[in-house]
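There are 4 protein chains.
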Amino acid sequence: MIILMKKNATGEEINHVTEWITSVGYQTHLSRGVERTIIGAIGDDRGRIQLKSAAFLPGVEKVVPILKPYKLAGREFQEKDTVIQVGEVLIGGPAFTVIAGPCSIESEEQMMECGYVAKKAGAKILRGGAFKPRTSPYSFQGMEEEGLKLLKKVGERTGMPVVTEVMNTTDVDMIEEYSDILQIGARNVQNFALLKRVGLCRKPILLKRGLMTTIEELLMSAEYILSSGNGRVILCERGIRTFETATRNTLDISAVPVLKELTHLPVIIDPSHAAGHAKYIIPLTRAAVAVGADGVIVEIHPEPEKAFSDGAQSLRPEQFYRLMDEVNILEAAMRDGIGGLQ
Amino acid sequence: MIILMKKNATGEEINHVTEWITSVGYQTHLSRGVERTIIGAIGDDRGRIQLKSAAFLPGVEKVVPILKPYKLAGREFQEKDTVIQVGEVLIGGPAFTVIAGPCSIESEEQMMECGYVAKKAGAKILRGGAFKPRTSPYSFQGMEEEGLKLLKKVGERTGMPVVTEVMNTTDVDMIEEYSDILQIGARNVQNFALLKRVGLCRKPILLKRGLMTTIEELLMSAEYILSSGNGRVILCERGIRTFETATRNTLDISAVPVLKELTHLPVIIDPSHAAGHAKYIIPLTRAAVAVGADGVIVEIHPEPEKAFSDGAQSLRPEQFYRLMDEVNILEAAMRDGIGGLQ
Amino acid sequence: MIILMKKNATGEEINHVTEWITSVGYQTHLSRGVERTIIGAIGDDRGRIQLKSAAFLPGVEKVVPILKPYKLAGREFQEKDTVIQVGEVLIGGPAFTVIAGPCSIESEEQMMECGYVAKKAGAKILRGGAFKPRTSPYSFQGMEEEGLKLLKKVGERTGMPVVTEVMNTTDVDMIEEYSDILQIGARNVQNFALLKRVGLCRKPILLKRGLMTTIEELLMSAEYILSSGNGRVILCERGIRTFETATRNTLDISAVPVLKELTHLPVIIDPSHAAGHAKYIIPLTRAAVAVGADGVIVEIHPEPEKAFSDGAQSLRPEQFYRLMDEVNILEAAMRDGIGGLQ
Amino acid sequence: MIILMKKNATGEEINHVTEWITSVGYQTHLSRGVERTIIGAIGDDRGRIQLKSAAFLPGVEKVVPILKPYKLAGREFQEKDTVIQVGEVLIGGPAFTVIAGPCSIESEEQMMECGYVAKKAGAKILRGGAFKPRTSPYSFQGMEEEGLKLLKKVGERTGMPVVTEVMNTTDVDMIEEYSDILQIGARNVQNFALLKRVGLCRKPILLKRGLMTTIEELLMSAEYILSSGNGRVILCERGIRTFETATRNTLDISAVPVLKELTHLPVIIDPSHAAGHAKYIIPLTRAAVAVGADGVIVEIHPEPEKAFSDGAQSLRPEQFYRLMDEVNILEAAMRDGIGGLQ
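Residue numbers (the working numbering), protein chains in the order written: chain A, 21 to 362; chain B, 21 to 362; chain C, 21 to 362; chain D, 21 to 362.
Don't read these hints as lab results, they were simulated from the structure. Where hints are given, some of them may not hold.
Copies of the same chain look alike in the list, so a pair counts if it fits in one copy or across any two.
[Claimed, not checked] Below, a list of computed lysine to aspartate or glutamate pairs in the DMTMM-like style, where the Cα atoms sit at most 25 angstroms apart:
| id | residue 1 | residue 2 |
| --- | --- | --- |
| 1 | 82 | 101 |
| 2 | 26 | 96 |
| 3 | 173 | 237 |
| 4 | 169 | 193 |
| 5 | 88 | 166 |
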C-alpha cells in the first residue's frame, strides 16, 4: 500500500505515519518527490484493511492499494485455465458451452419440452429455476423441491447435467442432491454466508455477477468459495445496472477479456437477463462467442407468452435452433481461423 | 397495465392481444389515437407478471405498468406515518433519532467506551456489528455471539436499545435474543429468504437500501417483511453506487422526500457508509435533518486509526459531540420555525 | 400521452385535467379502471413538452409519453437501411468498415506511417485528430489547421477518405474543406448549436454517443442533424460511464441491436475509447462484427508509448494487422453462414 | 506518477521502464516490496499525459497518478474562499444566495411577474433562459436576443443582477452585453472551445456540472476558464445521472463538502433540475443550506402548467415564498448556532 502525504505535510506528520505503519506490522519506504512525499508500506497484506485507516492520520492525502485483494482466483496463483468437468461436459475448455432451459420450472410437460428442445438443438446443460428470487412477494416463488425433482428427471431423460439456483444456506443440502451445478444469483453475489456454505459443496458453482458488482468484487466473491474449499467456480456476466433503460441491464461484454486476463476461472454470459428482450439474445450470443466467452446461459420456453416469469426474454424453440446454428458457425470460425476461443 | 401497439399493428394483432388479455383474467379497454392503438388491461394485478409477457405478442410495442407493485408499504394503504417504539425511543415521530456505535464490536473496552460516548452525546440507540459482511474472506468477520453479548451488556448498562446486523436465516433466532432491532444490510436487501424470515420476528427491522436498489425495489423488499407479518420496518438510505469516486457511494438525499411521499414507514440516513470519510459526516448529517429524515445511523470509534473495519469513516468522540450539537440546533430550527421534520 | 390519475382523484380533478388537455389542443379519451382513471391525450405532439406539465395538476399521479420523440431517425419514417457513400466506401452496406488512425495528428512522419499501415492492413477510412477535446487545458490540444493539411495529404496519398473531429461551430467551414467526414465527439453530443451547424454540411457526420447519453437521446441528437438537412449520419457507440473502473468506459454492445431496430442509420463501434487499453481492442472488435455493427473506428500508432494522447489504447501496427485478419475471418462467417451483418 | 510493475517483471523490464521515464523528462525512484517493484516518476507534470503511456510498456501492471490535475482551482493554489461580487450581491461569502426565475423567458408579462415574485420573496439574482438547450429539435428553442432584452429590462426594473445560459462561442459577445453572469449548462461542461471563450469574459461564469461529470472533471473544466484568465467561476451541482428514476437526476449533495475541501470557488445547488418535480424542491433547498452550499438556483413560474419548458419542476409563487421563509430560518440557525455556512 502507498500512502500519499499532503503537499504541506510536516516532518512530524510524516514521522507519525511511518511510526504508525511500523506499529501495525509493515516496513516503510520513503520517497520524496518535488511536491509530495510518498510512503510505501511493505509487508504481507494481512493487516491490509487496518492499513486503510491511515487515511485518517494527520497530513495524509490518500491511501492507494497496490496488491490485488484476491489470491486463489487470480492468474498469479494459477496461470493455466481452470476447466470444469460436469458429467461429460467441459466448461472452460476448447468448446463453447450452451446452457438452456426455462426461467421457472412450471410443470413436467413444460420442463420436458424444454429439455428436448435444448438437447436437440445442441445445448449441453439444462437450466431451470425451482426457488425463484422475485422482487415482489406476490409473484410466483417457484415449485421448490417438486421442481427440483422434475429438473433432475428431465436431465436424466435427456442426458444432460442440470443447474439450478440456491438462495438460502438451509437449502444447499437439498439442492446439491438434485442438481449437478449450483447457481448463486446476482442478488446473492455478496451473501457471504451463502458463499461460504457453497464453498463446502462438492458440486461446481455458477456465480453470477450482481447488478452493481465490480469485476474485482466478483472475484472477491469467488474467493469466498475458493477459500472455503470449492475450486470449481464458473463466473457469469449477466448485465450491470446503468442509466440506460432500452435494455433491462447493460451487458458488460468487456468483462470477458478483463476476467480472462485476471482469473483462470471459466467465464460465461447470460444474455437473457442482460437484455430482457428475446429479440436481442441472438446477436448478443454471437458477440459472446466472438469476444471469447466460454459459454452462455439462455432462457427458452415453449410458449413464452404463458411463462410464469421472464416470458419477454425467453426464446421460442425455433429461435433457439437458430441461435445454436449461429453459435456453431462462429465457433468454427473462431476455432479454425483464430485459434480457439480467447 | 397499458399495452401500446405498434404504429402498423393490424386489426388481427389487436384482436389477438385483447383475446389474450381476457384469457389471463383481465378486462380490456381499447383507445385508438391518431398514430397508435392503446389497450388497457383492467382488473386486479395478481396476474401482473404474466401480463408483462404481452410484450412478446405480435404487434405490441411496449407494456407500461400502471399500479404500484407494493401495497402494505404504500401511503395508499396507510396514510398516517408509522411510528416505531423501541424501549422508550420513538422512530418516525416528532424527534430526530441518532443511532451511533462502532462498525465492528472489537472488545468490551472499545464497546463500553463507544456506549458511553454515544449516550453522553445524546444518541438514542446503540449500534455495533457482530457478524460483518466483508468483501474479502480474509478480513475480520466479526466477534459473532460473543460480540452480541457485549452489545447487549453495554446497551443495558447505558440504557439504550441496540441494533445489529443479521446476515443469514440461521442466525435470526440468536440475534433476536440479544438485539432490540435487527438490521438487514445493503448486500442482503434482496436476500428474499432472509426478508421472509425476519418478517416473522417480533422485533423491528432496519432495512438498508442496496447499492443498486431503486426506491421502488427497496419498498418491494419492505413489502416482503410486511407481508410476512412484521409491520415495523425502518428504511435506511446509505448511498448508491454511481460513477463518482470522490465519495465511497453517492448519498441519494432526494430519496428521503420521495420515500416520505410514497410510504408511511420511517426513513433514516447512514452518512458514514455513503461518504466513506469521517470529514463529510457532519455536513451530511445536517442535510439529513434539514431534508426531513427521521434520523441517522453513524459510526463512531474511540480510536478510528485502530478500528478493525471502516476506520476511515468513523467519528472520534469529539467529532461526535460536535455532530450532536449541530443536530440539536437544526432540529430546533426545523421544529420551531418550520413545523417539524418533514 | 397518457395521464394517470391518483387513486383518490376526485371527479372535479378529472374534469379539470380533461379541460386543461383540451385547452392545449388535444382530444381526450377517458378510461376508468378498478383502481385508477387514465386519461389519454390524443392528437399530434407539437404541444408535447407542455403536456408534460400535466404532472403538475391536482390529482395527477404521473404522465406517460407514448410516441417516440424522434421522427426522421426512426424506422417508422424510413424502413430501409441508410447506406452512406464516402468516396468508394459504403458505410452501412453489406461490408464491415474499419476506420483507423492515430488519436492525434502529431507529425507528417507519424501520420504517413499510420496511413500506410491502415491502408496495407485493409482499413477503408483514415482517422486523425487535429482539434483535440482534452480534459485538461494543459494537455496537447492538437495541431489544428496544420494537422488538417497533413490528414488530407495522407488520405490522398493512400487513397482513403478521412475523418476528423469538429468541436466548434466556427471551425466547421475549415474542417469541411479538408475532411470527408466530420466527427462530433462524445462531449459535444448535446452541443445543439454544433449539431444544427453540421446539419447544414454536405459531408457525412460521424456522431458519437456521449458518456451519459441514452440511446433515445443519441437519436434525438441525430434528429437535430437530420432535421437541419443533412441525412448522412453515422452513429457510434463508444462506451458509457458506469461504476466499473476496470475499463475506461463500459462498451454498451447491446446498443447495436437496439439501434438497428429503432433506426435506419449505420451504427459503428469505437472499442478504443470504450476499453481504454489496447489489450482489449481485438476481442471487442470481434464482438462488434458478430453483434452486427457496420464497422469500427480504432486508434493505431507506430509507437504508442510516444503518443501525445491516448497511447495506452492505441494498437501497434502488428496488433492492427492481426485485428484485420480476425475481422476478415468473422466477417466471412457472418456473410456466408449467417447471411450478412445483422 | 507511480508505475507498479507486475509480480513477475524482469530486471530488464524494470530497467527499460526507468530508462523510458528518464527519456520523457522525469527522475525515477525505485522501491522494491515483497511482491512488487514500484517506480516513482519525480518531476513536474507537464509530460503527465504521455507518462500514462507507461501502461503500455512490458512488465507494467498499472500507472497511478499522484498529483491533482488542476492547479488554479485547487485549495493548494489559493487557500482562502473566492467571493464573487455581482452588483451588490456576494456569492461565496457569509450569506446564502438564492437565484430564481423561469426556465425559459416567454413574454414580458411572464418575466416581469417572475422578477417581482423573486425580488419580493428575497431572491438576490434573477435567472431566465433565452437560448435553450433542448433534447428535441422540435421543442421551443428560446426567444434569443429578444429574450435577453426582456431579462435585462426586468433585472434593471427589480434591481437584481441577471444570469442566462450561453451555448455557443459565437453568442458570447451578445450575451455578455445583456447578462451579469454567463451560465455554462450541464451539456456544455466539456465544450472546451466554449470554456476557453468565456475564460476571456469579464463577467462571472456559472458552471454547471454535467450529468456524468466527475467532481475532478468539473474542476478541470473550471480550470479551462481560470487558465484563460477569468477567475470568477461559480460551480453548480445539479444532479448526476444514475439508475434511479424516481427523480429526474440524483442530487449529489456530498459534492458540496467535497468541493469545499478541494476548491476555493463558490458552490451552489440546482435542486430544480436534480429533482425534476416541484414537490421535492423545498426539502432539497433546506438540505443545500444545511450541507453548507453557498446558494441555490431554482425555477419559478407564475403558472407552471402553462410553461414552455420544465413546467413540472417550477415552483408557483406561493411555494417560492415558503421556500424563502425556510431558507431564512435554516440560514439563521447555521449562522447563529453553527458559525456560518460551512
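Hints violated by the structure (numbers, ascending) = 3, 5
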